[in-house]
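Peer 1: Listed here are the chains, written in short residue letters.
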Amino acid sequence: MKANQSQTTALLGWSLQAIEAIDKMGRPYVVVGPPEFQSFADKNEISFVPWLFNVPIEQSFELYEKLKEFNVKLTVPIYEETVEWAGMINSLLFENPRLFNKSLLLRDKGLMKRRAHLAGLRVGVFEEAYNKEDIYRFFRRINQALIKLDEDQLEPIHVKPFDKAGTVGHRKIREEKDIEEIDDEEFPLLMESHLEGQEFSCEAFIHNGNVEFLNITEYVKLGHSNFVPASPTLEKWRPQIRAEIEKLVSAFEVDYGIIHPEFFITPNGEIYFGEVANRIPGGHIFEHIEKAYGFSPYQGQILCSDPDTTKEELKSFFPEEIVSAKGYSGNLMVYPKVKTISRLNIPVELKEHPYFVKHNMFIPTTSKVSERVGFGNHYGSINFFGDDAQEMRRLLEKFEKHNFYL
Amino acid sequence: MSPTVTTEKVTSTQTRRKTTNASKAKKVTKQIELLEKKFVEALNILDQAKPFAKSLYQTDVFQLANELASSNGGMAVLDKYAHLFDKAGVFLSGDWEDPTKLQPPFVGNSLRLRGIYSILELLSEMRMLAIAKGTYKHDSISKEEACTFLNEVVALNLDLLTPQETQDQTIPQEEHLIRAQNLLSYLGQELSFKDVADQMIIEIDRLAVQRPIITRRILEMIQLSQQLVTNELNPSTLEVLEKYTQAVYAPTPLSKKAVDQRDYRLKLEQATDEELTTEAKLFSQSLDDTGLVSPFHVVLVRYLNRKKADILPLSLSLGESGSISFNDNKKLIHDLIQIAIYPETSQTIYGLSRMLNRGVLKIDTLLPAIQQLFELPIHAEVRKSLSLFINEQSSISMNGILIAGVISVLGQPLGIGQGKNPICQSARAISLWAQFEPVQLLTHIAHAAQDNNIEMSFEGEPLHSNLLIEGVANGIQQDLDVVSILLVPHLDKIYNEMIKRTLLRGEDGHKWVNREFYGKWIPSGFINAIDQLTLNVTNYSAFVKLFYATHHPDYNEGLKLIYPNPVGIFLTNVHGELLGLHAVSIQRIEKDHNGEYRIYFYNPNNDSTQNWGQGIKASVSGFGELEGESSLPFHEFVSRMYAYHYNPYEQGDTYMVEDSLVLQCKVLAKESWGKSSTWS
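Protein chains in written order, with this note's numbering: chain A, 1 to 406; chain B, 407 to 1086.
Since the hints were made in silico from the structure, they are not lab data. Incorrect hints may have been included.
Straight line, CA to CA, 27 Å or less: simulated DSSO-like cross-link-like pairs of lysine-lysine [as the list claims (entries may be wrong)]: (1) LYS456(B) x LYS43(A); (2) LYS351(A) x LYS430(B); (3) LYS687(B) x LYS736(B).
Values in this document were obtained by computation on a predicted structure and should not be read as measured data.
Could you build the full structure based on these sequences and the hints that come with them?
Peer 2: Spelled out as structure tokens, the structure:
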């Protein structure tokens, strides 16, 4: 870290957690984010460059110039939308144009799938759709191939936009009339056959092409609950999972940084690739890693993104996988099941359970409940910590059904 | 108050129930201990975070504070650590960050909110308590100031101390109310109720001296103050509380002995003339002292009205002109009392007293107008709104309610309040008419009551309120007096329509609207400090000088204000920050006992002692204010005005007004509401 003292790291995207983490590392940094944070940054003496990322990437040269004034030698993307910006500016900083192209691969689900497929990862059947006709055809062909004749047992397919985070814009098509509901403006979309198996994600910290630390997050219900580290039943497949990760790393030529891939695994160990992102995962996963393992994954990301980090530093930073976990950290994201909220209903047995850590549910100031888009607006979450994965899973499943908001 | 630690005495005779209770208490203690541990941990984590990151850790502290505040014994835990809150950053980047900016009257509102703000408010009170106890030394707030602050908070929110009686006992009490209850009772224990009581009577005095028509809040406070009466109070405080309590219940020998109203009536029938005279005089006295009316007073007045008419005037606190008015209109007054003075309208006795004293009945044309109301058919819609004032057991008629309302406004024109509604111009209108155009007022009342419509004209064109849709206020809440409830919806729409018709004139429409709306006695000259096209403050010096030249006795050739002047002011908060526009009317301009000229004005806002920042605090007593008036030193009031009328034919010379006076006003204006404007 001493070698990096004179040169600045730029965080692309405003995140207090990331800022706090890098601040504690003692290395110089600058934050690039929306202009509305300027006064807050000034008040707290945070180096700041106001920037809107929803402009054409061609303007990255302008940003590059601004960052050079701060003596920036590395950019780290925080949010999905900043990934290609990091790619572009890093390619200028490191004089390696390929870095930009590599980042684009990770921003386009269609390209991503192709690359993974070519690298030998198992994927579902997929195609790009540019209009509803494409989806009808794909849907029928899949079902034909699976000889699904009965209307009730149609095989679903999934469609999603190429470049949105999480499940934004993701639709599950169960029958043809679901296709009708799609707006023309949502195209192009990536279509994919349904993948069976348990879904989970990985957070892999890569430095110089090596996987320095691999975390597996177990999903209990997508978008609602998860925990770290994964249960023994999932962890037993670690070697195979690691192998898939390494295929990804070499396929996408990831040298430095984190990747957050999602997979499906069948009971007999077949792993299917879902998608991969090059930025911080949502769903409180980083919080879990910190609670379970005791190190800050934000700092881990920064260390791994920096080519100058030494092997010794990495070794002393990352603990041993699985065994050094202090327990299982999990959480449940709560969505109101009512239209207006008048009070909270938190059961005593929850608060008294030894695994219960805390919750942050309040009665909101406006009692009307807004519509869900992707996973952006859960109203509160509950944190758990304990030493038995089965119990953790049981708790998360049980309380997911409970109505906390009345 | 520290959490109780139960020590179990294990004896062979111990019953099973005792064991269960003991173990229950132990369980509760353990819970609190666990919560305390978590709370301290969360507070520490927050403390260690850098300022920019604190918002990541505040929520945990709030959530645990929530749990503690809702549990028995939790308040003591919060008290234990309250002195650390500021340092840890609990309030950082929020409305409660700077305790010097907080004011007791707003605390109650926040405590009554569900959700996170009531938790923050509660923590803020605990912080204030720490300052009051000396465990937390604050740079800008002394122990005494903190005590006074909390005393006022408790005094204003005693009703949170007792749980609401919900109709459905199965619905648990809402958590924010439980928290508020715990907070209030904890504060009550930690502070002395003696000081709270002192604060309470300051509050009651302050509200009562303004002589409002709607006395609900004052009565509420008097009732709540009963809880504070103990031997430890200051004798002077006790005396004042007694005075008010009696005024509202029973201030006379016979009423004190009476069990209820029927019983009192029977006693009256047995009483001698001397005793009746004493009763009458004491009631009058109480009326004068407090402005409040006891229901027993109603019984007396009704009785005297029927049986002892010669003693009746003694019970109405009449002055010289009042007595003359009474004698000239005996029949009318007899009828008014019969139809309008009932226990539900007890406060109307005060209105009657003041109406007679004002000599309003001298206006000949007014008498038939009042008479008309007795038999006036009332529109169904109007019946609906008036029915709020009656319950099933009432024997007062709709017309009675209406007439009672009229008596009140004619007697207390400055006691009209706007409640929580943005209807200051309409309230002001009723007040102005009650003072100077009572016949006009009654015409509007009669039309509104009978037809649910008011007709006015704007520059020759008729306007009917029932054909208009929009008013300024969207829904009018029912904390208004009868006449306001009746007229305001119509006035609001008409006023709005009139303003609409002036929008393209390039000048402030009030110039024309006020004269059409209130009456032609409003002077035709009008000036607004804000240029309507650029919205800049333009030529402020001319604005100030003209006001001095037309209104200040030293500069306007000694002319006295004949009619009240409706003016526009900028409302500012205690920091001088602009809140919005407001309508008030200047009643008088005179010297106070210190020889300083003051502006005495009517503010339709229910509490006229607002602090407008920069040391500008309107007062309601102590400077020669008449009932219902507020007052300010001349230049302080000017610094908050933005528009006024003036008589162009009667003004002094503006060049005689010193620049220093202008500067004085300008400085105050610029550094308060003027901050958000461009000055040219």
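Peer 1: Each hint needs a verdict: does it hold in this structure or not?
Peer 2: To see whether the hints hold, each was checked on the structure:
Straight-line distance between C-alpha atoms of LYS456(B) and LYS43(A) comes to about 12 Å, which keeps the hinted pair within the 27 Å bound. Between the alpha carbons of LYS351(A) and LYS430(B) the distance comes to roughly 17 Å, so the proposed pair stays at or under 27 Å and holds. Between the alpha carbons of LYS687(B) and LYS736(B) the distance comes to roughly 20 Å, so the proposed pair stays at or under 27 Å and holds.
Checked against the numbered hints above, the structure violates none of them.
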